[in-house]
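A.B. asks: Heads up: the sequence lines are chains A and B, in that order.
Per my numbering, the very first residue in the first sequence carries number 634; after that it's consecutive.
Per my numbering, the very first residue in the second sequence carries number 634; after that it's consecutive.
These aren't lab readings, by the way, just hints derived from the structure by calculation.
Predicted model, so just to flag it, every value in this text is computed and none were measured.
One or more hints might be untrue.
DEER-style ranges, computed between Cβ atoms [claimed, not checked]:
{"#": "1", "chain 1": "A", "residue 1": "Lys-635", "chain 2": "B", "residue 2": "Glu-694", "range": "16 to 24 Å"}
{"#": "2", "chain 1": "B", "residue 1": "Pro-653", "chain 2": "A", "residue 2": "Asn-679", "range": "15 to 23 Å"}
{"#": "3", "chain 1": "A", "residue 1": "Ile-725", "chain 2": "B", "residue 2": "Ile-713", "range": "36 to 44 Å"}
{"#": "4", "chain 1": "B", "residue 1": "Gly-744", "chain 2": "A", "residue 2": "Pro-653", "range": "43 to 51 Å"}
{"#": "5", "chain 1": "A", "residue 1": "Arg-739", "chain 2": "B", "residue 2": "Glu-704", "range": "16 to 24 Å"}
{"#": "6", "chain 1": "A", "residue 1": "Gly-655", "chain 2": "B", "residue 2": "Asp-737", "range": "15 to 23 Å"}
{"#": "7", "chain 1": "A", "residue 1": "Glu-718", "chain 2": "B", "residue 2": "Glu-704", "range": "26 to 34 Å"}
{"#": "8", "chain 1": "A", "residue 1": "Phe-658", "chain 2": "B", "residue 2": "Lys-674", "range": "37 to 45 Å"}
{"#": "9", "chain 1": "B", "residue 1": "Ile-713", "chain 2": "A", "residue 2": "Asp-743", "range": "29 to 37 Å"}
{"#": "10", "chain 1": "A", "residue 1": "Glu-718", "chain 2": "B", "residue 2": "Ala-664", "range": "15 to 23 Å"}
{"#": "11", "chain 1": "A", "residue 1": "Lys-674", "chain 2": "B", "residue 2": "Glu-675", "range": "39 to 47 Å"}
{"#": "12", "chain 1": "B", "residue 1": "Glu-675", "chain 2": "A", "residue 2": "Glu-675", "range": "41 to 49 Å"}
{"#": "13", "chain 1": "A", "residue 1": "Lys-674", "chain 2": "B", "residue 2": "His-652", "range": "19 to 27 Å"}
Some, not all, of what chain A presents toward chain B, calculated at C-beta under 7 Å [to be verified]:
{"#": "14", "residue": "His-652"}
{"#": "15", "residue": "Cys-656"}
{"#": "16", "residue": "Pro-703"}
Just so it is clear, CB atoms sit at the ideal spot from N, CA and C, and this is done for glycine as well.
Protein chains: 2
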Amino acid sequence: MKRFEKHIFVCENKRHDGHPRGCCFDKGSPAVREKFKTRLKELGVNSDIRANVSGCLDACEFGVTVVVYPEQTWYGGVTINDVEEIIQSHIINNIPVDRLLIKDKRFHKDGIKV
Amino acid sequence: MKRFEKHIFVCENKRHDGHPRGCCFDKGSPAVREKFKTRLKELGVNSDIRANVSGCLDACEFGVTVVVYPEQTWYGGVTINDVEEIIQSHIINNIPVDRLLIKDKRFHKDGIKV
Chain A
634 MKRFEKHIFV CENKRHDGHP RGCCFDKGSP AVREKFKTRL KELGVNSDIR
684 ANVSGCLDAC EFGVTVVVYP EQTWYGGVTI NDVEEIIQSH IINNIPVDRL
734 LIKDKRFHKD GIKV
Chain B
634 MKRFEKHIFV CENKRHDGHP RGCCFDKGSP AVREKFKTRL KELGVNSDIR
684 ANVSGCLDAC EFGVTVVVYP EQTWYGGVTI NDVEEIIQSH IINNIPVDRL
734 LIKDKRFHKD GIKV
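Kindly produce the complete structure, drawing on both the sequences and the hints.
C.D. replies: If you want it as structure tokens, here you go:
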């Protein structure tokens, strides 16, 4: 089955104030998701590429977390200033944005390091 | 990159009462997600398989919507009584549950019908 060429999930989990792990919500993830949605629509690709909110992706320590399927590419510490580069490089041209990839080995169980 | 063998997203979008498209939340999706999470933990596979809430997956008319990545399998009208079958058949044995697959052509842009 295929409905979307790319499906982008942006963590918007919110924890209570002072939680030791922090949360993507408080680091600005709603604005990141909104920018993805806005730009995809402006580019006219929003029927093939969708950006969705997700619950906790358990990558809290890396900052605002974004995972792109079907390739399962994990980005950490994403800000609104990174969205255009992710769209142009990865989403449209299939070249992941290396500097934002999560390097932790837990995200590389296939053994393919970035 | 690979962190999860399977990543299950359950729509928990909530619309206002009386909205013509309805919403997964009001059809019981929080309980569906909770059952996925509980069973994956009980089965001891929750480090490789994750169930997450997602925002609107735009399949409202098919009932509670679940999409499984990386294979992008779309299920509609999922109830808590379907969760065990999806886990045992699809998640563990890679055999999608045919009766729950969304048949609409928009979900088969690859031309592969179920």
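A.B. asks: If a hint holds in the structure, say so; if it doesn't, say that too.
C.D. replies: Going down the list of hints, with the structure as the test:
no., hint, result
1, A:Lys-635 - B:Glu-694: 16 to 24 Å, "holds (19 Å)"
2, B:Pro-653 - A:Asn-679: 15 to 23 Å, "holds (21 Å)"
3, A:Ile-725 - B:Ile-713: 36 to 44 Å, "holds (39 Å)"
4, B:Gly-744 - A:Pro-653: 43 to 51 Å, "holds (49 Å)"
5, A:Arg-739 - B:Glu-704: 16 to 24 Å, "holds (21 Å)"
6, A:Gly-655 - B:Asp-737: 15 to 23 Å, "violated (40 Å)"
7, A:Glu-718 - B:Glu-704: 26 to 34 Å, "holds (28 Å)"
8, A:Phe-658 - B:Lys-674: 37 to 45 Å, "violated (24 Å)"
9, B:Ile-713 - A:Asp-743: 29 to 37 Å, "holds (32 Å)"
10, A:Glu-718 - B:Ala-664: 15 to 23 Å, "violated (39 Å)"
11, A:Lys-674 - B:Glu-675: 39 to 47 Å, "holds (41 Å)"
12, B:Glu-675 - A:Glu-675: 41 to 49 Å, "holds (45 Å)"
13, A:Lys-674 - B:His-652: 19 to 27 Å, "holds (21 Å)"
14, His-652, "violated (18 Å)"
15, Cys-656, "violated (14 Å)"
16, Pro-703, "holds (5 Å)"
In summary, the structure is inconsistent with hints 6, 8, 10, 14 and 15 from the numbered list given earlier, while agreeing with the others.
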